[in-house]
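S.K.: Place chains F and H on chain S using the hints.
Listed here are the chains, written in short residue letters.
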Amino acid sequence: MKNILQRLIQAFGPSGREEEIRSVLREELAGSGLELKTDVLGNLIATKAGRGGRLMIAAHMDEIGLLVTHIDDKGFLRFTPIGGQDPKNLLGSRVIFANGIMGTIGGEKIKDAKEFKLEKLYIDIGATAAAEAKELVAIGSMAVFVPHFTCQGNRIIGKSLDNRAGCALLLAVIRDLPPVDYQIDFVFSVQEEVGLRGARTAAYHLEPHLALAVDVTRTGDTPESGPMAVELGGGPAIKVKDTSLISHPRVRGLLEKAAKERDIPFQLEVLLRGGTDAGSIHLSRAGVPSGVISIPTRYVHSPAEMIDYRDLTRAATLLSAFMQQDQLFMAP
Amino acid sequence: MLLERLSTAFGPPGQEDEVREILRQEITPHVDKIWTDALGNLLAEKRGSVQGAPRVLLAAHMDEVALMVTHIDKNGYLRFRTMGGIDQRVLVSKLVLVGPQKVPGVIGSKAIHLLTPEEREKAFHLRDLYIDIGAGTREEAEALVSIGDGVVFNSSFCHLGDGRVRGKALDDRVGCSALVEILQRRYPVTLVAAFTVQEEVGLRGGRVVAFGEEIDLALVLEATTAFDVPDSKPHETVTCLGQGPALTIMDSTLIADPNLLTILRETALEQGIPYQLRRTGGGGTDGGAIHLTEGGVPTAVLAVPCRYLHSPASVIELNDYRHLVDLTDAFLAKFMERRTKLG
Amino acid sequence: MVDLDLLRRLSEGAGVSGSEGEVAKLLVEVLRPYADSVDRDRLGNVIAFKEGEGPTPRPRVLLSAHMDEIGLLVTGWEDGGFLRFSTVGGVDIRTLLGQEVIVHGTRILPGVIGAKPPHLQSPAERKEAIDGEKMYIDTGLKARDELERLVPIGSVVTIARKLQVLAQGRVAGKALDNRAGVMVLVGCLKELMAVKHKADVYAVATVQEEVGIRGAITSSHGINPDLGIAIDVCHGDMLGMAEDEGYPLDKGPAIGFGPHVHHQLYRALRDSAERVGITYQVEPSPTPAGTDAWGIQIARRGIPTALISIPLRYMHTSVETLSMRDVAETIRLLLAFIQGLESAFVEGLSCY
Numbered sequence: 001m002k003n004i005l006q007r008l009i010q011a012f013g014p015s016g017r018e019e020e021i022r023s024v025l026r027e028e029l030a031g032s033g034l035e036l037k038t039d040v041l042g043n044l045i046a047t048k049a050g051r052g053g054r055l056m057i058a059a060h061m062d063e064i065g066l067l068v069t070h071i072d073d074k075g076f077l078r079f080t081p082i083g084g085q086d087p088k089n090l091l092g093s094r095v096i097f098a099n100g101i102m103g104t105i106g107g108e109k110i111k112d113a114k115e116f117k118l119e120k121l122y123i124d125i126g127a128t129a130a131a132e133a134k135e136l137v138a139i140g141s142m143a144v145f146v147p148h149f150t151c152q153g154n155r156i157i158g159k160s161l162d163n164r165a166g167c168a169l170l171l172a173v174i175r176d177l178p179p180v181d182y183q184i185d186f187v188f189s190v191q192e193e194v195g196l197r198g199a200r201t202a203a204y205h206l207e208p209h210l211a212l213a214v215d216v217t218r219t220g221d222t223p224e225s226g227p228m229a230v231e232l233g234g235g236p237a238i239k240v241k242d243t244s245l246i247s248h249p250r251v252r253g254l255l256e257k258a259a260k261e262r263d264i265p266f267q268l269e270v271l272l273r274g275g276t277d278a279g280s281i282h283l284s285r286a287g288v289p290s291g292v293i294s295i296p297t298r299y300v301h302s303p304a305e306m307i308d309y310r311d312l313t314r315a316a317t318l319l320s321a322f323m324q325q326d327q328l329f330m331a332p
Numbered sequence: 001m002l003l004e005r006l007s008t009a010f011g012p013p014g015q016e017d018e019v020r021e022i023l024r025q026e027i028t029p030h031v032d033k034i035w036t037d038a039l040g041n042l043l044a045e046k047r048g049s050v051q052g053a054p055r056v057l058l059a060a061h062m063d064e065v066a067l068m069v070t071h072i073d074k075n076g077y078l079r080f081r082t083m084g085g086i087d088q089r090v091l092v093s094k095l096v097l098v099g100p101q102k103v104p105g106v107i108g109s110k111a112i113h114l115l116t117p118e119e120r121e122k123a124f125h126l127r128d129l130y131i132d133i134g135a136g137t138r139e140e141a142e143a144l145v146s147i148g149d150g151v152v153f154n155s156s157f158c159h160l161g162d163g164r165v166r167g168k169a170l171d172d173r174v175g176c177s178a179l180v181e182i183l184q185r186r187y188p189v190t191l192v193a194a195f196t197v198q199e200e201v202g203l204r205g206g207r208v209v210a211f212g213e214e215i216d217l218a219l220v221l222e223a224t225t226a227f228d229v230p231d232s233k234p235h236e237t238v239t240c241l242g243q244g245p246a247l248t249i250m251d252s253t254l255i256a257d258p259n260l261l262t263i264l265r266e267t268a269l270e271q272g273i274p275y276q277l278r279r280t281g282g283g284g285t286d287g288g289a290i291h292l293t294e295g296g297v298p299t300a301v302l303a304v305p306c307r308y309l310h311s312p313a314s315v316i317e318l319n320d321y322r323h324l325v326d327l328t329d330a331f332l333a334k335f336m337e338r339r340t341k342l343g
Numbered sequence: 001m002v003d004l005d006l007l008r009r010l011s012e013g014a015g016v017s018g019s020e021g022e023v024a025k026l027l028v029e030v031l032r033p034y035a036d037s038v039d040r041d042r043l044g045n046v047i048a049f050k051e052g053e054g055p056t057p058r059p060r061v062l063l064s065a066h067m068d069e070i071g072l073l074v075t076g077w078e079d080g081g082f083l084r085f086s087t088v089g090g091v092d093i094r095t096l097l098g099q100e101v102i103v104h105g106t107r108i109l110p111g112v113i114g115a116k117p118p119h120l121q122s123p124a125e126r127k128e129a130i131d132g133e134k135m136y137i138d139t140g141l142k143a144r145d146e147l148e149r150l151v152p153i154g155s156v157v158t159i160a161r162k163l164q165v166l167a168q169g170r171v172a173g174k175a176l177d178n179r180a181g182v183m184v185l186v187g188c189l190k191e192l193m194a195v196k197h198k199a200d201v202y203a204v205a206t207v208q209e210e211v212g213i214r215g216a217i218t219s220s221h222g223i224n225p226d227l228g229i230a231i232d233v234c235h236g237d238m239l240g241m242a243e244d245e246g247y248p249l250d251k252g253p254a255i256g257f258g259p260h261v262h263h264q265l266y267r268a269l270r271d272s273a274e275r276v277g278i279t280y281q282v283e284p285s286p287t288p289a290g291t292d293a294w295g296i297q298i299a300r301r302g303i304p305t306a307l308i309s310i311p312l313r314y315m316h317t318s319v320e321t322l323s324m325r326d327v328a329e330t331i332r333l334l335l336a337f338i339q340g341l342e343s344a345f346v347e348g349l350s351c352y
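Chains as they are written, first to last, in the numbering used here: chain S, 1 to 332; chain F, 1 to 343; chain H, 1 to 352.
Isolated chain S, as found in the complex (with noise of 0.2 angstroms):
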């Protein structure tokens, strides 16, 4: 899992502009035998068909993004969010464009710490004046951090592990798909960070009877962090609420039920703020049972994540597990 992890880093894919990731996503399910599709929004469908029911798994594989707004006179580039971005983590980052183009994110001199906001930073891409920008971006460009990736022990280093590590978790279980019969698609969602826009439609489209979402978490395992009760290292998370979501109780059951006999280790969430692609299919037409498995992840939404693979590897056998569990469709 760690090489395909790996690749999957590399891919551009800010919210909205996810193709190349796409196409990368599609390269790697090429020989799985999965009816492959794109839906309107550009969501990566792939479908195992099946009887009696039909399951829906979303990772969604968009990453947050800075999007170009000015380029000014001497060539700096003036920017606004994709997804949840804080200015913090920027100052200093280097992004890359889709074309490859590199830049650093520099800031204005301030006075005032709280006057410290994304509106005083800007990219430098290396021009001396307007013109030559323009030659290398344009406005509306988008730009993601530059892809790296470490392992390091137990533990990796990269750039949007949220959420590629849960794309690769599905490429993970769809490479040695557990023997059922009902129908389950596998949606790689588009525009999760701005909104969980990609999931609501696919699942208005696909009419699941019961969806989980695999995605990263938060923890409150580092110096002073706030109080969560969710470590690296200490198995996957099955979520029980976040903002967007509160777990249903059967599929929340099934997840420990799956997790206790094969005696994998796994932790429960409250995450206080933040939501996932289950927020919104749980909403869809007249509800879906749904559920989320999550990797947790430390410094989510910096340019450098890290996570511990042993959660990785232990999500994707609760993934399997849980595939497998006798009745996942009785009424409720």
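What the hints contain is simulated information worked out from the structure, not anything from laboratory work.
Certain hints may be false.
Within a straight-line C-alpha distance of at most 30 angstroms, the following computed DSS-like cross-link-like pairs (lysine-lysine) qualify [claimed, not checked]:
| # | chain 1 | residue 1 | chain 2 | residue 2 |
| --- | --- | --- | --- | --- |
| 1 | F | Lys233 | S | Lys74 |
| 2 | F | Lys102 | F | Lys74 |
| 3 | H | Lys190 | S | Lys257 |
| 4 | S | Lys120 | F | Lys74 |
| 5 | F | Lys74 | F | Lys33 |
| 6 | S | Lys111 | F | Lys74 |
M.R.: Only chains F and H this time, still in chain S's reference frame:
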């Protein structure tokens, strides 16, 4: 001028009747089918000249930011709250019209002579303001207005400077007016026109107009912020008057469909129609609601740059409006060929 | 008309958003004798259906009242038997100090929300409201491993509060937002047994309103009614409030008016009240996002929607106070409306 009639019409969110009536009369002779839905959206269909051509939703919202009467006190003063994003500081000392009968009133506040020096430094808060319609008692007031009545600015519409106009509610009566013009022509594609309600209180009308209509793509015709004024920095302008309609790449509710954007930009270049890109990621339109309907609808937004949005007097340049109509027209005329080319 | 014992059971039952099982079970049992069918849908909404009389198509009416309540959720353990918690829905954490609570772990545990005694606080500290992160629930358990076993992360916590009857037919308790509305659903279906009505009535007790109107979004899509009426609570008048900020108790239900309310439906509700002599109030809501009406209105092609609210003091505390008479009058208003409902009225709702 239709835009003038639309601008001065009364249309708070949920109380768009007067605007809807003007539009119904304007479009009825030009469309194949016209109807309203449960929320009060005005919809119309105009079949394309080509069998099986795509169904294109064109949307513009009828409502405007407004106030609502929430209380009438014993001395006949009206208390109110805002409907939609109004900067409370613009309210003091304005003329208003209350309710569908358009009862004139003024927004009063304590006179400056009576304020302490500290009070003078502070912005007016909603609780310090009230509407005076001249009534002396609650009963006198209740004979003229009701709790729940919408309140709009009583502003005149006028031509201003070089080819510009000033008026209230140009957001989004410019879009309504443009859509009326478009409906007078027939295109290869089928048009589904939606004049929506309640955009300003959360894209309410826009959420339901595409449902069940088998829409292939949507264009939203809007007004958007122009901040090309003294003391704004070049990167803060968002849009500038006179540079053509603004195309949205991303706002807080929508990332515009990249293929539609490409077609719009190519069409503009080919036809020599000026356009600009909207240079902010903030704000939102009915497009945010429409593109997430059912299984998703590819959506783009074209907007007339507008200064002083959501205030009693906003300003646009008529050429920008004209170019918005021209670009929409050229897009619809050539869409099927361009789509084929794009693959 | 209002069954005090049932209101007591509804108020005292646990039903924090997402964990409505206990109150839902009670409701299914209570509604069954008055309905043709009672079901729970995929998200847990309780849907009671009562068929109207006469030929189809009959008007299809949705009555929606949320059954969930705000509450607390366990987020962590501390040595000494203490639990950390976060809130579900808009809890005013200042009201939590010193409360007796019920912890719904693998079994029910009593607890108390502790507070630093005033003696140990500096004068400056006493003036500040206490931060939620500094509060904890004391379960009395001594062994941490036992605590972890009995109270998994994500267990819900409710305030231990018995319904208190006050003077003048007023009652105080927890979760009257919106068990009072649920009480109206029950009362309405019960009374409909005794009268003729053409409309098919779907009475839905929704889940997860307090965390984002979620149950109403899916139930109204599933039922797809001709019109929807949300029944909820609004702010009652109380000391220290301006006269335009709240609605007096005992002056009847407040009929909502605003962008989310269909004008003809609003008019019909007022006409119904006037026809049968019900005192009512008007509640203007310029940008109303906080009730089931918000979710119902935009289902599918759009649903004509109205809102009726019962005035309630001290909303989102554990001593919410209302008048039983207002609840009874709300039931009477809905009955009058439903009895008078004709197909022609429903068909006209899309004509503007």
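S.K.: Give a verdict on every hint.
M.R.: Tested hints:
1. Lys233/F / Lys74/S: At roughly 14 angstroms apart (the allowed maximum being 30 angstroms), Lys74/S and Lys233/F satisfy the hint.
2. Lys102/F / Lys74/F: holds, 22 angstroms
3. Lys190/H / Lys257/S: It is violated: about 41 angstroms lies between the C-alpha atoms, which goes past 30 angstroms.
4. Lys120/S / Lys74/F: It is violated: about 51 angstroms lies between the C-alpha atoms, which goes past 30 angstroms.
5. Lys74/F / Lys33/F: violated, 49 angstroms
6. Lys111/S / Lys74/F: Outside the cut-off at roughly 51 angstroms; violated.
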